[in-house]
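All chains should be built: construct the whole structure from the sequences, respecting the hints.
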Amino acid sequence: MTSCGNPNVEKDALMERRPKYDGKTKICVKCKENQGNVVIRHAVYCKSCFFPLVQTRFKRTLEPSINPAPDGPRRKALRAAGSLAVGFSGGTCSMTLLDLVAKTYLTTRPTGNESMKGGTDHPRNSERGVWKGKPTVCYVEVCGAFSGQIDQTEVIRAIVERYPNCPFEFIPLRLEDSFNPSWWSSVGGGNAVDSARSFGLDISDEELRLTHISQSTPPDSSALTALKAYLSSVPTLTAVNSTIQTLIRLLLFHTAAAHNASHLLLGTSLTSLSVNLISGIAQGSGFAVAEEAKEEWTPRPARGLPVRVVRPLRDVGVKECAIWNWWAGLHPVDRPWYPSGAGKNAVDSLTRDFIFGLETDYPATVSTIARTCGKLASKEDSDERCILCERPAQRRVQDWKAQISIRSYSDATPAVSGITKPTHLSDDEISNLTQAKQESKPEPSLAPYLCYACHTTLTSRSIRGMTAPLSAQRAKETPLPMWVRSTLDGVVAKDSVDSEMIQSKKLTSQDIKSQIEQYLIDE
Amino acid sequence: MSQLSLKVEFGGGIELLFSKKHTITVELPALVPTDDSTDDQSLMEDTAKEKKPANLAYLVLYLRDRLLTERAELFVENGTVRPGILVLVNDTDWQLEGEGDYELKDKDNIVFISTLHGG
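The listed protein sequences correspond, in order, to chains B and Y. Under our numbering, the first residue of the first sequence carries the number 50, and numbering increases by one thereafter. Under our numbering, the first residue of the second sequence carries the number 339, and numbering increases by one thereafter.
Heads up, some of the hints might be wrong.
[Said to hold, decoys possible] DSBU-like mimics (lysine-lysine), calculated; alpha carbons at most 35 Å apart, straight line:
| id | chain 1 | residue 1 | chain 2 | residue 2 |
| --- | --- | --- | --- | --- |
| 1 | Y | K359 | Y | K443 |
| 2 | Y | K389 | B | K393 |
| 3 | B | K81 | Y | K445 |
| 4 | Y | K345 | Y | K359 |
| 5 | Y | K345 | B | K81 |
| 6 | B | K96 | B | K183 |
| 7 | B | K152 | Y | K359 |
| 8 | Y | K358 | Y | K443 |
Everything labelled a hint here was simulated from the structure, so no lab data went into it.
In structure tokens form, the structure reads like this:
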């Protein structure tokens, strides 16, 4: 039973569970001959028709985006600009994705003369694949983030390498690579060791001021230590899950770019897309909601090709993926269901429980979520990108955030001016409260380079306190992922040299009078 | 009283809740108590309790009470399998067979697949 409102007021608020299938016919709706084996959104399919159905939906989503010009004559030739990268987690949907990619584009054609005639079956077409080079499968091992988890890299490798003729190159990554200079150098990000600046983050401050990590930083600060420090500094369990997703995403992006990939395929199903959309909007990423379904990422620093991130299973539900795996003899990798333990109360976990319940009782509503979100567009375009998640960022997010909420008077210069000023404070009190900040020397801050969602993730405190108490020193020197440090090297240096500082300041009548005093004519 | 021998399979990670066993054989009486009790006493042939044919809903409760080793809330919710767990009866979606009302037959193959590990 799903609740969508107050049952005391609205009669239909409690959505009673009802069978999805009405029992009228058990014959497959496609071939109209065989007994049905599976119900997909009220329609019955037999086992023979199920596989082409899923494969058709997969191709229909993926193929229009393969050629560099999306509206080109794709039936004539599918030719990608670069190579293919597949993000693989070993879960239900990515297992289906890998199988579909292998069976649709990488199966070896028979070499007999009978099957090689002409057209698309001409030998020259069998020699040239859709993508250049050998497709890569990237797996990010997250066991470093959680204590007691087993490293599954070799299990995943065995899954990837069992396909005939080994069509994939397996690239194992680790979540802590986000903080690993060697990995950053290997993907063409630059030599971070020789980088002029080494920034840490003061996470205890809402402005997210950047601190220069001194050379006395302990040498044992390995990538894994840095990852743990970073995750323990984010304020909520929701933020921990969100941060891990962002790190995995960017690790895949940079690895794909390093292998000259033009396409990165992710195994996001219709169900998980709906979960991500609702969960993302709840966490403040509404501005980039379109990117959740489809995005094109240009690497920073510039290298390789722009990576088109495609989710070819976005019209296929998780149920179809699970059935595909079972009937194809594929077994997803076993994992604990809530790796972060108490994280089952995080926003994404709660959203997932809600959407899965909704899909069981009212399957059509899940596709409605994805379709509705697909129509959303922001009022204004933005050419700015968040330095952390690399998604479009709204301009002047911090100003807007300051206008809609007052989190501390001392940091609320714009908020306490004009019509939004608190009525219980006088002009002098407001001026005194904001004085200290205006007179202090401005320090570089991460906040102006973040999108609303990332800023909220890093600063929104839980009413139950921090996930783990941090020492004052650790809170001020939270390490940053390599791509953030690399981009900061450029933008902060530039801002400090040639930027113009503009600050708003509420003046009292006495201040104004003193400033124009010399121009006043004596009465 | 006749006995049913059922092959029960687990996939998609749900086997973690059943001592990591992927396949088990379950022996059930063809008639089970109408109050869905699953203890040995209730399953005795000479019990005074009212009986009904064993169905899938009863099998779910039987698995929860007798074979599940941890975290029952991840398998059962509101008296049926939790949303996100698929059930196949002899390779057919249980929705086509009447879900929990499907009356079990000897040698049936029942599959439980978890979809909760997404990605």
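So, going through the hints one by one against the coordinates:
1. Using a Cα cut-off of 35 Å, the hinted pair K359/Y and K443/Y holds, with the two alpha carbons roughly 23 Å apart.
2. Simply put, K389/Y and K393/B have alpha-carbon atoms about 39 Å apart, too far for the 35 Å limit, and the pair is violated.
3. A threshold of 35 Å between alpha carbons decides the hint, and for K81/B with K445/Y the separation of about 29 Å falls inside it, so the pair holds.
4. Distance hint between K345/Y and K359/Y is fulfilled; the C-alpha atoms sit about 12 Å from each other, no more than 35 Å.
5. A threshold of 35 Å between alpha carbons decides the hint, and for K345/Y with K81/B the separation of about 30 Å falls inside it, so the pair holds.
6. The suggested pairing of K96/B with K183/B holds, with an alpha-carbon distance near 32 Å, which does not exceed 35 Å.
7. A C-alpha spacing of about 30 Å is found between K152/B and K359/Y, which places the hinted pair at or below 35 Å, so the restraint holds.
8. Annotation: proposed proximity of K358/Y to K443/Y holds, straight-line Cα distance about 26 Å (limit 35 Å).
Taken one by one, the earlier hints fail for this structure only at number 2.
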